[in-house]
Amino acid sequence: MDLIYRLLPTINQYAWGKSREESLVYKLFEKNLKLLSGSGKVVNSDGPFSEFWFGAHQSSPSSVLPYDITEITLISEDGSHKNVEYSASFDRSREPMSLSKLISRLYHNILGIKDKELKILFKVLSIQKPLSLQMHPDRESALQLFNDKHHGIVDSSSKPEMCLPLTMFRALCGFRDESEILDLARKYPEFGECIDFPSLPSDKSSSFYVSLLRKLFFRSDLSDLVSRLAQRLKDLGSNELVEEFFLILYDNYGSISSVLFPFVLNCFELHPGEALFVPPNTLHSYISGDCIEIMKNSDNVIRCGLTPKFKDLDLCLALLEKKFKRARPEDYRVNPSRLTAFSLRYSPEDPCCNFLLLSVTVGPGQKEKLTLPNNAYLCIVLESNPKVSLKLSMSPSDKEDATKNGSHSIYHVLRVVSGDCLLIVPNTELHIHNDHEAHQLTMYLSSEK
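Each residue of the sequence shown is one higher than the last, beginning at 20 in this note's numbering.
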C-alpha cells in the first residue's frame, strides 16, 4: 500500500495577486506549470499569481500525479528495495486520478469508511492589493441559500477559515466594539459624519452594526468626505494602524465608502506564525502579505465592498441581524500548542471548525518524528534542500495488522523540494531527516479534526 501521493494543485490568477517576480505562489508553483499546462489548464505566465489550491472542491479539484518528478525509493521490511524514476510529463493516454476518488478509496481500505469526502481545502495566497470585503455563511444559512439557488452560493457548506502568515500580513476581521467605533467617529470627524454617529442605536446589539452598515452601504453622498479624510491624513502623515489601513484601501479603490471599514472592523498586523481564525458570518478582508489558508471545503462568498465584483449587501445585513455574535479581537487569534521541539499545532476551538494545521520546521542536522492518526493529511513543502528525506511507515497498530495478515510493511523514502504538495494516508508515521549543514526544512500539514 502506498503511504504518500504527490498532488497537482490548481492555480488562480485574480487581480489582487502579486506579480510573477514577487509572488510566493509562483515560486512554489513554478515546477508545476508544465504539468498543469499538460492537463489543459491555461496559465498566464506574466501573472498575477494570487493563490493555489489543493483539495477536492468541485470548482477547482486537485489530481493525483500519475508520474513522479523525483526519485522514490521503496524499502520493504526484509531490506530489499527498488528505485523508481518517473517522467516529469503526463501520459496523455491516462486520465489522472482525482483527489476525491483517492480519498474515498483510502478511507474505505484503511478505516472502513465508505464514500468519504475530503472536507477541508488548503490554499497558499500571495496578496498585493486588498481582497473584497466579504463574509461566509454558516451551515444552516448556506444550506437554505444553496437550495434556493442564491447567487454566489455554490455549495451547502459553511466556510470557517484560518490564515497563517508566512510574511508580514495585514487583515481586517470582525467588528470593533461600539464604544471604539464611536471614539474613532469623534477623532476622525469625516468618518463620524459618514455614519451620522449621533443617530446610531445606543443598545449593545446587532442593531447598532446593522444601522451603521446601512449608512456605509447605501448612502451615495460619501465620496467627498472620504476624499477629504484621505487628503488630510496624507498631509499630516499617517502614523496609526487604522490610518495606514484606510489609506491603503483608498489608494487601491478610491473614494468609495467601503474604504472606511478600517474604522469599523479590527485591524490586524500579523507576523509569521500568528494565526487568525475567521468564523462564519464574520466580515473580513485580507489586505496584504503571503499566507497559508485552511478552510472547510467550501467556496461560498458573500461580497460587501471594495472590489468591483457582485455585492450582496442585503444578504450580509440579513445574516448579521439573525446571526450576530459578539467577539473580542483576541478571539480571532489562534494560539498554537507545541507538539515537539520542531512542530506546532494550530487548532481553533470554535465548534464549527473542522480542521487543524501542523507547522513543522526541522533545522540543519535535526530529525523529527510525527504520528498522523485517523485522517489523511494534506502537506506542502515550503523550504527544502537536497539533504532532506521523508521516511514514512505504517503506524505500529497497522504494522501489527499487516503482519497478522501475512503482508509486508512498506517504508517510503522520499526526497522533497519546495512547492511539493503531498497526501499522506491515515495512520502513518512520518520521520524527517535534514542532513544539511545550513538549511532548514519547513512544511505544513493539515487534516480534518
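Take the hints with a grain of salt, since some may be wrong.
[Stated by the list, open to error] Lysine-lysine pairs mimicking BS3-like chemistry, simulated, CA-CA at most 27 Å apart:
1) LYS135 / LYS342
2) LYS168 / LYS330
3) LYS386 / LYS410
4) LYS468 / LYS386
5) LYS234 / LYS148
6) LYS223 / LYS344
[Claimed, not checked] Pairwise CB distance ranges, derived in the manner of DEER restraints:
7) PHE216 / LYS341: 19 to 29 Å
8) PRO405 / ASN31: 29 to 39 Å
9) GLY384 / ASN166: 48 to 58 Å
10) ALA337 / ALA457: 52 to 62 Å
11) SER226 / GLY273: 49 to 59 Å
These are computed hints drawn from the structure, not numbers from a lab. Heads up, the beta-carbon is just placed ideally off N, CA and C, and yes, glycines get one too.
Those earlier numbered hints the structure runs against, lowest number first: 1 and 11
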